[in-house]
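**Student:** In this note's numbering, the protein residues as written are 264 to 537.
In short, the hints are calculated from the structure, not lab data.
Check before you lean on any hint, since a few could be wrong.
[Said to hold, decoys possible] Listed next, the in silico EDC-like pairs over lysine to aspartate or glutamate satisfying Cα-Cα at most 16 Å (straight line): (1) Lys293 to Glu336; (2) Lys293 to Asp335; (3) Lys323 to Asp335; (4) Lys323 to Asp355.
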Amino acid sequence: MITRLLEQLRRLWHERGEPPSPPDPALWNKVEADLPFLDRLTIAERRRLRELALRFLAEKEFHGANGFALSDEILLSIALQACLPILNIGLDAYHGWIGVVVYSGDFIVPRTEMDEAGIVHEYDDVVLGEAWSNGPVLLSWHTDTPTNEHINVVIHEFAHKLDMVNGEADGFPALPPDMSRGEWGLAFNQAYTTLCEQLDAGEPVALDPYAADHPAEFFAVACEAFFDAPEQLRAAFPDVYAQLRRYFRQDPAASSLADTPAGEHAATKRVKPT
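Can you make the complete structure from the sequences, with help from the hints?
**Tutor:** Okay, structure coming up:
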């Protein structure tokens, strides 16, 4: 089902080359009120993010799985969150694929796994998000998500997409020329090892424990924290924060939310995205 907003964006994008603003300006305020981490942006940055989100909606194809109706609010929320990481990188970072599939709540992905004896096991994996290399992004949408956890499935899955630009997701995305692969690897490898050791020792950790599942998951979870809990990430893993600051060309920890009204967090809680 294509909403009126998507239909208008796509038509005017192809006719004029630039997408228009949504017909109802109040729609932006309604959606952004549920994404408090956007309050770190300046007025100019927020304007650019809106423009980027509209281009994203015009270029990508959205589908509601199993008849799930996608409202304009859902579409704009996903677009804003997906485009926040590429605000200073550009939409070309999401080239090579077009599909975004949205489920109402958790969804099941069939898996096959071979054990050490060579026996293949089949099982159903309940997930909240999944990014496919050269394929679509699968997202779940929840309207009753707890607001006290810095978990963002949209940013997580689109971080995987950035990671996949240069191959399979491994926590080592394509870096700009002014960044060192050695420094990136050292910062992330040390932080990943530290997190795993903390979990093994039963110690409290600064990131979602799912980050210890694989270096690619550590990168995606770190990206969530970078935008949603930057002070926490910087305090726990300053070298990782520094690398992400250079990669995304943003410094969210430099902007305080202490004096801004808190909105409700609209991002979904991850169960086990891959």
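**Student:** Each of the hints needs a verdict: does it hold here or not?
**Tutor:** Status of each hint after checking the structure:
no.: 1; hint: Lys293 to Glu336; verdict: holds, 8 Å
no.: 2; hint: Lys293 to Asp335; verdict: holds, 11 Å
no.: 3; hint: Lys323 to Asp335; verdict: holds, 15 Å
no.: 4; hint: Lys323 to Asp355; verdict: holds, 12 Å
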